[in-house]
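Turn these sequences into a full structure, and let the hints steer you where they fit.
For the sequence shown, the numbering used here gives the first residue as 910, with consecutive numbering after it.
Because the hints were derived from the structure by calculation, they are not lab data. Check before you lean on any hint, since a few could be wrong.
[Said to hold, decoys possible] Label-pair ranges, simulated between beta-carbon atoms:
#1 K1088 with R990: 29 to 37 Å
#2 A935 with D1110: 48 to 56 Å
#3 L977 with W1232: 42 to 50 Å
#4 A1027 with K1238: 30 to 38 Å
#5 A935 with E1080: 43 to 51 Å
#6 P1077 with V1202: 46 to 54 Å
#7 E1008 with A1117: 38 to 46 Å
#8 V982 with A1002: 22 to 30 Å
#9 K1241 with D1200: 32 to 40 Å
[Stated by the list, open to error] Each computed EDC-like pair below joins lysine to aspartate or glutamate, with the alpha-carbon atoms no more than 16 Å apart:
#10 K1241 with D1020
#11 K984 with D1015
#12 K1238 with D1020
#13 K985 with D1013
#14 K1113 with E1234
#15 K1104 with D1222
#16 K1104 with D1120
#17 K1081 with E1034
#18 K1032 with D1015
#19 K965 with E994
Note that beta-carbon positions come from the ideal geometry of N, C-alpha and C, so glycine has one too.
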Amino acid sequence: MPEFREMAKVTLFGSGNKGGAKFTPAKDIPSLADKVVLITGAAGDLGRQTAIELAKYGRPARIYVADLPRGDVEKKAVIERITREAYEQEKDATTPRTEVRFLDLDLTSFDSVRACAAEFVAKEERLDILFLNAGIIRVAKGTTKEGYEVHFGLNYLGHALLAKLLIPTLEKTAPAASKPRVVVVSSEGHAMAPKGGIQFDNLKGECAAMDYSQRYGQSKLALIHLTRHLSTLHPSLTTAAVHPGRILTGMADALKKESLLVKLTAPIAPFFCVPVSVGIINHLWAATSPDVVSGSYYEPVGVPGKESALARDEALGKRLVEWTEEQVKDVKPLA
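So, in structure tokens, the structure goes:
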């Protein structure tokens, strides 16, 4: 069972949620006054809690929740929940609060990614922190609207395109501020990538011969290479990849419905996993700590150097960059 072997290898021998820097949001998130933040997947557990903690302690001017399109009532509910949970214990209503805004974003569609980026730059002249946070892991095979394997298309390619479109705004922000940051949410699961790392010849299609853990793994491996590429190409930015730790999220609950292994191991999951409130610490550390080194991959909290050999493979990274540019070459840049 390749699924069992690969997942057991990561679960039993990966770093999980161990060690690292001490980071307390209430004490260590600096003032983010006047700054603008965009978080993909911020209607889900990790992204939402990241928005809540930043709004509560950093108080940026605006946080953009970029997530799947939904009705006005549902969008309002997402915004109200983040605002309520950030400020419900606050007695002084006169203290400046972060404005939360919703952006439609379907990372499985190039048109949607471009429309999201266009809407953002029409509203804002700056972007200080970009979280490439959204992601999926699922057993079911599938493809994106452009025909890419769905894990790779959503987790990696959609984010690579979004970053490409927003880089000019990030770089425009840089001269007037501390280095803007891009936080890329990868995973220790990148070690579950198939032999060779990324099966480029099969990415247009379902990658049906692969186990779902390998499909997920290659997408998260690609995100580490994206981080290093962005850091090299754009030195005015600070770009870091993070593994949040093993977290009990809605994504994990959904996977139990598809994976017998995940379902059977659910009773012992609390021994290996942490709640979302702990899982987002590495997100927050990477977004705000002065100790972040651009181009690095960090496991919780702020622990570098844990990436696999494939994640350090420069030839693989170069091929990924060339492949990616070819795939998105027909997407028009923003005016």
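(request) Against the structure, test the hints numbered earlier, and report the numbers of the ones violated in rising order. (result) Violated hints: 3, 4, 5, 6, 18; rest satisfied.
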